[in-house]
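Q: Protein chains in written order, with my numbering: chain S, 245 to 434; chain P, 8 to 368.
What the hints contain is simulated information worked out from the structure, not anything from laboratory work. Here the structure is a predicted model, which is why all the values come from computation and not from measurement. Mixed in with the good hints, there may be bad ones.
[Said to hold, decoys possible] Simulated crosslink set (SDA-like; lysine to any residue; CA at most 25 Å straight-line):
1) P:K341 - P:D359
2) S:K320 - P:N94
3) P:K51 - S:Q394
4) P:K67 - S:I319
5) S:K412 - P:K67
6) S:K338 - S:I319
7) P:K51 - S:S312
8) P:K59 - S:S285
9) S:K423 - P:G61
10) P:K59 - S:G259
11) S:K417 - P:K51
12) P:K358 - P:S191
13) P:K51 - P:Y14
14) P:K51 - S:R383
15) P:K51 - S:E362
16) S:K417 - P:D55
17) S:K423 - P:E45
18) S:K423 - P:Q16
19) S:K273 - P:E80
20) S:K402 - P:K358
21) P:K59 - S:F368
22) S:K424 - P:E80
23) S:K423 - P:D359
24) P:K51 - S:I425
25) S:K294 - P:V207
[Said to hold, decoys possible] Here's a subset of chain P near chain S, in silico, CB distances under 10 Å, partners left out:
26) E49
27) H50
28) Q69
29) H74
We put the CB at the ideal spot given by N, CA and C, even for glycine.
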Amino acid sequence: MKKSLYETDEAVIEGIRRDDERALAYLYKLYFPMISHFILSNSGTDDEAKDIYQEGVIVFYEKTRDNSLELSCQIKTYLYSVCRRLWLKRLAEKGRYASKLEETDSFVQVEEDTSQHEEQERQFGVMGEALGQLGEPCRSLLEDYYINTQSMQVITEKFGYTNSDTAKNQKYKCLQRLKKIFFATYKPGV
Amino acid sequence: MLEYRAYEQIERYLNGEMAIEEQQAFEALLHTDVRLAEQVREHKQLLDSMQKYGRRQALKQQLQNIHADMEAETMQASPGAWKVFWNRHMQTVAVAASVSLLSVFGTLWSVQQLKAPVQQQTARYVELRREVERLKKTQTAIINGINDASKPAPRAAAFSGTGFAISADGYLVTSSHVVEGADSIMIENKAGLKYKVSEVYRDEIHDLSILKVSDPAFSGFGKLPYTFKTNESDLGEKVFTLGYPREDIVFGEGSLSSGSGFEGDTTSYQVSIPLNPGNSGGPLLDDKGNLIGVISGKQAGQEGAAFAVKSAYLLQMIHELPASTTMAPMSLSKHNSLLGVSRPQQLKKLKDYVFVVKVYN
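Excised from the complex, chain S in its bound form (with noise of 0.2 Å):
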């Protein structure tokens, strides 16, 4: 992987679009010691600033992938800005109210896309739920369906059934338990 490839913020940014898997990685692996410092030097541990760091990566990939993000900053400070901000939550959540934060970097105005980002979690984290709940075969049916996008043939011998027809059968009748468990706790945010 040669580094002078995505020298500009611009090249990370059309990188991730055209789905280049080394621009994330170039990205991920370029800010991490900033992210890692700022949350170690506010009373975090290294598993924290991790798990800080991915969430940040996760909503500037979103924005990027979905061409939401207004970016009026350099990469860095967005990225510096979503994690302290999601940090200072964090912290909240903790009941360890960080008196004064130890800023490492100038931040922006994030909270919107946070708080959006928030929101997905919670669906996500839901869904996540759900689909364990499910249980075998139904979250492997609907996973290789409508996630990993198979045909129904290739369905259809993986389980043993004797018909893609009951195969569909099946996959509706998981369908159907999957939402109403879904649908019990998840309530879209208002």
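Use these hints to put chain P onto chain S, whose structure you have.
A: Showing chain P alone in chain S's frame:
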């Protein structure tokens, strides 16, 4: 079974797999059937959510891989527990260290500042050897030059002090700082006796020197009127001294004001006699005519604080003498003729044994 059909229909609609007429019919149905519309919305959200969830899980996995990859890369240079600790607390440690350094040196400095003026006042010990003015010396030279140019001018003494006899056969004592760096030493008393002497022993620690008359014309001092006191004198005892702070002999009287000397020096006394340069080496006697010490110096800037070396150290030195030199043991005076006599009578007897010590170099 019907429900599944409905699901399939909804999915086909959402995926845009319906034919145009069928789609239009379905949309028309949606407008009238609220329950169906609700179901479609829910279904869409569920599938959306599930797909996004799947993608998110994949992304997270990818980031985990990148992270693991990064950690593996930096494993060689991976910081130890100490490094982590240091990174985390570096600033705190730095601040703590600088605060402690600052306070330590600040305290040292301020203590030094407070002590400095006091020290200046107390720390100066003045040795009372008299420096004979240069002016006078040059003046004499000029007068001599006028009178007789061919005759070499007699050199004036550079320093002078006081000394006194300790035995009849020509031994004297003075302060060693008086005769320091001397080329030749002369003594002279009130009666006009004048002898050349040489230094035979020196004790720098107690500031004492023993001189011996080396003049062939010398026939002895005669019997000494005073004795030497071996034990310590008491506080408040009346003491006096004779000395040569100027050309003539000068009497000084006071009392023993402390059993220790300059900065707690236990080898000397403090006496309240006003003394001047030239008094050094003079005898310190008590009322009964016992020699109790040798005048050595005073404290600068403080009146009435003069010091005298205790006689015990003088005696100790006298006893050491035969061992370190080839001299015969000295016979010290045993008879005190000053006892019970009035002060002027004491001085009359005493003054012939006190000499001005002139140092030439």
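Q: It remains to establish, for every hint, whether it holds in the given structure.
A: Outcome of the hint check:
In summary, the hint linking P:K341 to P:D359 is supported, as the alpha carbons are separated by about 18 Å, within the 25 Å threshold. Distance hint between S:K320 and P:N94 is fulfilled; the C-alpha atoms sit about 21 Å from each other, no more than 25 Å. For the hint pairing P:K51 with S:Q394, the CA-to-CA distance comes to about 19 Å; that is within 25 Å, so the pair holds. Distance hint between P:K67 and S:I319 is fulfilled; the C-alpha atoms sit about 20 Å from each other, no more than 25 Å.
Our distance criterion of 25 Å between C-alpha atoms is broken by S:K412 and P:K67, whose separation comes to about 30 Å. Restraint check for S:K338 and S:I319: the C-alpha separation of about 28 Å exceeds 25 Å, so the hint is violated. For the proposed pair P:K51 and S:S312, the alpha carbon gap of about 22 Å is at most 25 Å, so the pair holds. For the hint pairing P:K59 with S:S285, the CA-to-CA distance comes to about 34 Å; that exceeds 25 Å, so the pair is violated.
Taking the CA atoms of S:K423 and P:G61, the gap is near 16 Å; set against the 25 Å cutoff, the hint holds. The suggested pairing of P:K59 with S:G259 holds, with an alpha-carbon distance near 21 Å, which does not exceed 25 Å. With a C-alpha separation of about 16 Å, the suggested pairing of S:K417 with P:K51 holds against the 25 Å cut-off. Restraint check: the Cα-Cα separation between P:K358 and P:S191 comes to about 24 Å, which is no more than 25 Å; the hinted pair holds.
The hinted pair formed by P:K51 and P:Y14 meets the criterion: a straight-line CA distance of about 11 Å does not exceed 25 Å. For the hint pairing P:K51 with S:R383, the CA-to-CA distance comes to about 18 Å; that is within 25 Å, so the pair holds. Straight-line distance between C-alpha atoms of P:K51 and S:E362 comes to about 21 Å, which keeps the hinted pair within the 25 Å bound. For a cut-off of 25 Å, the pair hint linking S:K417 to P:D55 stands: about 18 Å separates their Cα positions.
With a CA separation close to 13 Å, the supplied pair S:K423 and P:E45 stays within the 25 Å bound. Restraint check: the Cα-Cα separation between S:K423 and P:Q16 comes to about 17 Å, which is no more than 25 Å; the hinted pair holds. In summary, the hint linking S:K273 to P:E80 is supported, as the alpha carbons are separated by about 10 Å, within the 25 Å threshold. A threshold of 25 Å between alpha carbons decides the hint, and for S:K402 with P:K358 the separation of about 136 Å lies outside it, so the pair is violated.
The hinted pair formed by P:K59 and S:F368 meets the criterion: a straight-line CA distance of about 8 Å does not exceed 25 Å. Restraint check for S:K424 and P:E80: not satisfied, since their Cα atoms lie roughly 46 Å apart, outside the 25 Å limit. In summary, the hint linking S:K423 to P:D359 is not supported, as the alpha carbons are separated by about 132 Å, beyond the 25 Å threshold. Distance check on the hinted pair: P:K51 and S:I425 sit about 16 Å apart at the alpha-carbon level, within 25 Å; holds.
In summary, the hint linking S:K294 to P:V207 is not supported, as the alpha carbons are separated by about 90 Å, beyond the 25 Å threshold. The closest approach between the C-beta of P:E49 and any C-beta of chain S is roughly 7 Å, which is under the 10 Å cut-off, so the hint is satisfied. For P:H50, the interface hint holds, since its Cβ comes within 10 Å of a Cβ in chain S; the closest pair sits about 8 Å apart. The interface hint given for P:Q69 holds, since its Cβ lies 7 Å from the closest Cβ of chain S, which is under the 10 Å cut-off.
Taking 10 Å as the C-beta cut-off, the interface hint given for P:H74 holds, the closest approach to chain S being about 6 Å.
Violated hints, listed in ascending order, are 5, 6, 8, 20, 22, 23 and 25; each of the other numbered hints is respected by the structure.
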